[in-house]
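Residue numbers (full-length UniProt numbering), protein chains in the order written: chain A, 1 to 423; chain B, 1 to 423; chain C, 1 to 423; chain D, 1 to 423.
Derived from the structure by calculation, the hints contain no laboratory data. There may be inaccurate statements among the hints.
The list cannot tell twin chains apart, which means a pair is met if one copy fits it or any two copies do.
Once the Cα atoms are required to be at most 27 Å apart in a straight line, the calculated DSS-like pairs of lysine-lysine come out as [unchecked claim]: (1) 194 to 226; (2) 161 to 396; (3) 260 to 226; (4) 170 to 256; (5) 260 to 170; (6) 162 to 359; (7) 359 to 245; (8) 56 to 302; (9) 375 to 194; (10) 169 to 410; (11) 245 to 157; (12) 151 to 194; (13) 359 to 421; (14) 375 to 421; (15) 302 to 375; (16) 405 to 194; (17) 405 to 151; (18) 405 to 359; (19) 359 to 410.
Number of protein chains: 4
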Amino acid sequence: ICPIGTFSFPSFNNKTTFNGSFYYCRICRNCQGILERLNAGEVVIGDGGFVFALEKRGYVKAGPWTPEAAAEYPEAVRQLHREFLRAGANVMQTFTFYASDDKLENRGNKLSFTGAQINEAACDLARQVANEGDALVAGGVCQTPSYLSCKSEADVKAIFKKQLDVFVKKNVDFLIAEYFEHVEEAVWAVEVLKETGKPVAACLCIGPEGDMHGVSPGECAVRLVKAGAQIVGVNCHFDPMTCVKAVKMMKEGVEKAGLKAHYMVQPLAYHTPDCNCQGFIDLPEFPFGLEPRILTRWDMHKYAREAYNVGIRFIGGCCGFEPYHIRAVAEELAAERGIMPAGSEKHGMWGAGLEMHTKPWVRARARRDYWENLKPASGRPLCPSLANPDGWGVTKGHADLMQQKEATSKDQLKQLFDRSKSH
Amino acid sequence: ICPIGTFSFPSFNNKTTFNGSFYYCRICRNCQGILERLNAGEVVIGDGGFVFALEKRGYVKAGPWTPEAAAEYPEAVRQLHREFLRAGANVMQTFTFYASDDKLENRGNKLSFTGAQINEAACDLARQVANEGDALVAGGVCQTPSYLSCKSEADVKAIFKKQLDVFVKKNVDFLIAEYFEHVEEAVWAVEVLKETGKPVAACLCIGPEGDMHGVSPGECAVRLVKAGAQIVGVNCHFDPMTCVKAVKMMKEGVEKAGLKAHYMVQPLAYHTPDCNCQGFIDLPEFPFGLEPRILTRWDMHKYAREAYNVGIRFIGGCCGFEPYHIRAVAEELAAERGIMPAGSEKHGMWGAGLEMHTKPWVRARARRDYWENLKPASGRPLCPSLANPDGWGVTKGHADLMQQKEATSKDQLKQLFDRSKSH
Amino acid sequence: ICPIGTFSFPSFNNKTTFNGSFYYCRICRNCQGILERLNAGEVVIGDGGFVFALEKRGYVKAGPWTPEAAAEYPEAVRQLHREFLRAGANVMQTFTFYASDDKLENRGNKLSFTGAQINEAACDLARQVANEGDALVAGGVCQTPSYLSCKSEADVKAIFKKQLDVFVKKNVDFLIAEYFEHVEEAVWAVEVLKETGKPVAACLCIGPEGDMHGVSPGECAVRLVKAGAQIVGVNCHFDPMTCVKAVKMMKEGVEKAGLKAHYMVQPLAYHTPDCNCQGFIDLPEFPFGLEPRILTRWDMHKYAREAYNVGIRFIGGCCGFEPYHIRAVAEELAAERGIMPAGSEKHGMWGAGLEMHTKPWVRARARRDYWENLKPASGRPLCPSLANPDGWGVTKGHADLMQQKEATSKDQLKQLFDRSKSH
Amino acid sequence: ICPIGTFSFPSFNNKTTFNGSFYYCRICRNCQGILERLNAGEVVIGDGGFVFALEKRGYVKAGPWTPEAAAEYPEAVRQLHREFLRAGANVMQTFTFYASDDKLENRGNKLSFTGAQINEAACDLARQVANEGDALVAGGVCQTPSYLSCKSEADVKAIFKKQLDVFVKKNVDFLIAEYFEHVEEAVWAVEVLKETGKPVAACLCIGPEGDMHGVSPGECAVRLVKAGAQIVGVNCHFDPMTCVKAVKMMKEGVEKAGLKAHYMVQPLAYHTPDCNCQGFIDLPEFPFGLEPRILTRWDMHKYAREAYNVGIRFIGGCCGFEPYHIRAVAEELAAERGIMPAGSEKHGMWGAGLEMHTKPWVRARARRDYWENLKPASGRPLCPSLANPDGWGVTKGHADLMQQKEATSKDQLKQLFDRSKSH
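Just need the whole structure built from these sequences, with the hints factored in.
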């Protein structure tokens, strides 16, 4: 049952129904699962990227990017979940990115928790916060060092299976396979996740050029749908408009193949006009100099509208998304969703809160056309506006990408520095 | 007593002494207050700006900028305190910015908590987290609408007194008067704060051009020191290098006058090369389009070094500073302080964590010269690098700056929009 | 015969041969025509754009862009020919761009000379200067208002025929049909020009996206070669690298079709990374704000090398090229050509002349790696780096492009202003 | 007498008077000398920079920058004079920049003409073209290597005297001492030039920071006026707005001293917002990468208006000015001068010629507000908008600036390269 009174803001909405005893909101997790929502044509708002947000807060290490904080610093992870919920997110993704056992021990990363402990802690945190509002819990897996190192299909699938066992035990609401550079590995992941009977979403981290082996977005989507994914899309690696374009190509591919699917997109909150097929990894600014590229809330309004217009209904974010970015997505689509996010109590639409500012010239900015048309200056006149991305052109199958357990040696680093100078 | 074992990381340091019964760290709050530390030549790291960080997290409204979240959402405020502590901050400022009664009810701002409740809650949160590590609690006051509206000295001082009563009751470790555009009001604040006998720091939000009535930084500092402030400096409104330059001018003024003081700086984490005397308030991007101007951690290394070289020993941050920015300050000065921040467990110095990255070309970036010399691209080729700031040229004494309790009316807004177009 | 002593610098070269009586240079116009040179694998340097260069000098009106200066101000036109000759050009194009009768009277353009007078004067000037050095005279025709206005093939061909009569009378060395947006009209032009028996070169003003009706560069080139052009390529509308890319596609198309041709390129001297298929016409800066986009001489070195590497042997310039740009092309290919341009007497290779500069820090710039790696600043921090081009998407066949004899009326202008605001 | 019919365009003007026999135009050289014009409050338009314009045309070598082309290639120099005359210039400066004997033989520069021959040829060319219209001939001297090398006042004055002898022999209309970095040397020059009894103008190449020894613009101007200059100002080294600002400071200095003078300005046609006191010489782009900084004609409108408003009445250009830049100055001040330049026959005011363009979206740009508000893109997204200028901080008196006759040796160059890297 859906005791709509249990969450404080907003209580009633335009879908609320009464069954004689109780009011049902028809949009909360208790009323509807992910597929019911999407089938009903509703907009589902995803959350933002945990890895980058928690790195800035001091709980994730850039490089390994592993999520042991779920076990080490649960209050920090829980707080971020709450902020995204408050911003309007309908999905709490378990903080299990790169939580496969082979990744956790990659290149000398040493942890005090087992993979199972980290995955379990992440499920508990997501569930706890989801229960505080209208959100579903999604268990997530992503690409593995095993695949990059050319391990067998059986080996890679066994890696996914270990994480999946935790998700089943913790009874997540649905599953997301995301951040795959190669559609082949994503298909393997979907095949494993499908065994649970739970709804499965699958995202590649690709742009319009397709996956790292050159498979087009349309063809990638067809393969994922055929493997059993009910929701397909892209996440990470590119800016919102580029990701939306790639998902649009997926949609066209699926429809041309006479198949059916729902679509999702969870892009970067960074501008990436200069990226090639590997996305923002190749940018010289990755990962410690991306600040000038951070999207404003107004960029997010445009993104949300474009994603909606293209027919995408599961709209969220990845690296770089802070809670206010998700709130902007939710505010742009407030009319379509029939609800404003709780966090909008602290935000006037299109800058209306500035009506309360001390200075009259700032109050003069309290209007939509001001912010919609602003071309924000970078404040960095000694810097360029675009970068020359790295482009080593190596991917799975290339010796350079074989992963190792041991820490990178000084000799290895020396070789890398030398190579990067010659590029 | 200082039971150094009570905080987990790092336990011993190069100042640890043994008195026969206990080990004393000689750097924690129990061992030393703010003046003892500064007198000993130690570097004190401040925290970052709460208002902007919590706005992005969904707990502060841009426009009024009031800190009622201290009472409404204590877990969110506490979490941010913890992140700054972990980043290396030695000072927890109470989240009492704009918490004077006249500001809380400015322009139609409606709150469910009294000013006293908000100030008390903020003190409790700061103390709780300060006790978790080596940090002092600083009670903070800032400029008031009463002053801008030309109220009398007695009226303005009464406003400060109300906040001060809470700080005394909660026994903060020292006091900070900050974010004053007019040295006259700052002097009044210092005079009130001095009555408690606690150490007093005073910061103006000015740049090298001086205060809004044209008083030079050197002269401002002299007046503040004569009023009784033991620590003087600037906060907010300008980027780090500009703020450091202004504090340097303060220092020169104080020394020329034959006076003595300690110096502090808590700048923006935004690049502001195009600002005039009002600082970033005048930028067209303020406050919702500043993203491209956000400083990287490497910018912070340069800032910390420059501040140190100039002789500033209380070094922190204001609007735009996230925990990783403070951590970068602490890492740059780790040798001088003899300690690394706890948060560095999740950060390799100068990007060393990238040695664990999956992709070889990213591992090649795991070195200081790479990040130190990077000119980060903005990713926004349709945007300029500098902006034309507003410059209405009005300040205290001008009718335009008289504050009102009532919400801005539609007519008032219309007039402002029209005026801003003609500028 | 080739009296090599007749031109002053340099006299002998590595191809000079002696026939018993005279020395022959084997590269001058007297020794070889355009096809002989290209067949021998030699590099032929074109001249730069007259219309834009003379507009800046005060002899061409932007808008009509007609070449009546050939008759009105012969000394100005002659001087520009001489400068390009001195810069290393082997081809003097007659200044007959837009000199068709229908264009000369377009939109109220009033002239004191007939089309025949202008074309004849242009031929005389080109020949006079060509005789001062080693250069061929090329008679040029370009796209017509008649075609844009949907006149018949016979009508359009009659227009070309009138110019051609002058070229035959004045006995130019070869013919160039250039600046065609539609391959259909270019084919018509080639068919007319072929009747003379002189060598024919044909250039479209297109980029990699193909002509205005969507015909690919490869297919365009095939049609031109089949129509009888011995040299094909592109000119104008795009920056050097983009033009070279388009010519490369032409070459691939011709070779795939089992045909043979020589290739030429005469690009803009403006950077156009933001252009769509219509090229720089669509840029908001066209034609009076293009200055920031002007290429440096070092950009020209890269262009010349790239064009050469792709297999292009007729390498020149169009709008924006000043004599020093052509000189840079000739200097880059000095080894391949076995000759330095006369104008290099006033230019040290790669900035070597700076060895004579007064200031030591400027003398320190007298080296190749300095200039080759320089990223020149724009000095315009309030301006973007890329523009949003117009894109009305209209071309031949669309009513908007019907040309008229009468001056644009005020009503017509008003309508255009309104439409441009809505784009 | 002034036979106003001798120049073709425009014949009569609003000052034309009839003395019974003849019409006098009252603005031509025959009617009025430079001081008569300025005393009458008229605007005098200067010409543009020959050295840079002729370098691009192939007749001047960057580095030595000497004007031997006056003797070697008179037709090229004459053509440039004509273009500036046609653009509206009232002054033809003799092309005698760096034509002092000590400069002509600096650092291994070898010439086939004597200094006297070059100076005489330059006078003849200027006079010939001046006679073709309404222009005065100004003989020009500039700073000398002798001064930089700390030669005596007598030695330096002897250098000036040699050039002056030619000017007297050729009977120029007035004299300009320009491009002095040190006011001391400029004063010496004025003292020599005054001996002829001809009007003397004096320009420093300084900005608001003053001369290379730190003398303020106001003080510099006072010294020049006291030495006998009737016209003072600045030329070269900075962009127009900066130069106007410096001349304004000169004017204030002169007026404060109770003196009287006329004012002139001949700035760069390059944007230099990032320059320090040495001006564009210090920019990394000097002299071969300045293209992105070139001013548009619309920038010139703003410059001309600002210069006029400040009270400057002799308004011209220096390095970077092409004829169309001078024409824009003349067009902006057409109402004040009562005359349009001859060259405007080929230019519609504020882009009006575009009414004749083929494409409708370009015709839509035929209006003042379009061009006045355009922010031109650089087309260079990989380049910064500002540069970090060199700043060796050496000037006259420093050993580094001692000039030598011999060519720079390889060892000397090597040392310079090494030093420039460490800056």
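Going down the list of hints, with the structure as the test:
Within a single copy, residue 194 and residue 226 get their C-alpha atoms as close as 11 Å, which meets the 27 Å cut-off; across copies the closest is 59 Å, which misses it. In the homo-oligomer, the alpha carbons of residue 161 and residue 396 lie at most 27 Å apart inside one protomer (21 Å), although the nearest pairing across protomers, at 61 Å, exceeds that limit. When the C-alpha separation of residue 260 and residue 226 is checked against a cutoff of 27 Å, the pair qualifies only within one copy, where the shortest distance is 10 Å, while the shortest distance between copies is 48 Å. Neither within a single protomer nor between protomers do residue 170 and residue 256 lie at most 27 Å apart by alpha-carbon distance, with minima of 38 Å and 61 Å respectively.
Taking CA atoms no more than 27 Å apart as the test, residue 260 paired with residue 170 passes in neither setting, with 30 Å inside one copy and 63 Å between copies. In the homo-oligomer, the alpha carbons of residue 162 and residue 359 lie at most 27 Å apart only across protomers (25 Å), although the nearest pairing inside one protomer, at 57 Å, exceeds that limit. In this assembly of identical chains, the alpha carbons of residue 359 and residue 245 lie at most 27 Å apart only when taken from different copies (26 Å versus 41 Å within one copy). Both within a single protomer and between protomers do residue 56 and residue 302 lie at most 27 Å apart by alpha-carbon distance, with minima of 26 Å and 19 Å respectively.
In this assembly of identical chains, the alpha carbons of residue 375 and residue 194 never lie at most 27 Å apart, being 46 Å within a copy and 46 Å across copies at closest. For a Cα distance limit of 27 Å, the shortest separation of residue 169 from residue 410 qualifies neither inside one copy, at 42 Å, nor across copies, at 56 Å. For the homomeric pair residue 245 and residue 157, neither the shortest alpha-carbon distance inside one copy (30 Å) nor that between copies (45 Å) is at most 27 Å. For the identical chains of this complex, residue 151 and residue 194 are intra-copy neighbours only, at 21 Å inside a copy versus 65 Å across copies, given an alpha-carbon limit of 27 Å.
With identical chains, the CA atoms of residue 359 and residue 421 are at most 27 Å apart between copies only, with a shortest distance of 16 Å across copies and 50 Å within one. For the identical chains of this complex, residue 375 and residue 421 are inter-copy neighbours only, at 16 Å across copies versus 35 Å inside a copy, given an alpha-carbon limit of 27 Å. Proximity of residue 302 to residue 375 under the C-alpha cut-off of 27 Å is found in both arrangements, the shortest distances being 14 Å within a copy and 24 Å between copies. Within a single copy, residue 405 and residue 194 get their C-alpha atoms no closer than 30 Å, and across copies no closer than 60 Å, so neither meets the 27 Å cut-off.
Taking identical chains as interchangeable, the C-alpha atoms of residue 405 and residue 151 lie at most 27 Å apart only when both belong to the same chain, with a minimum of 14 Å there against 68 Å between chains. Only between protomers do residue 405 and residue 359 lie at most 27 Å apart by alpha-carbon distance; the minimum there is 14 Å, versus 57 Å within a single protomer. Taking the shortest alpha-carbon separations for residue 359 and residue 410, only the inter-copy value of 16 Å comes in at or below 27 Å, while the best intra-copy value is 56 Å.
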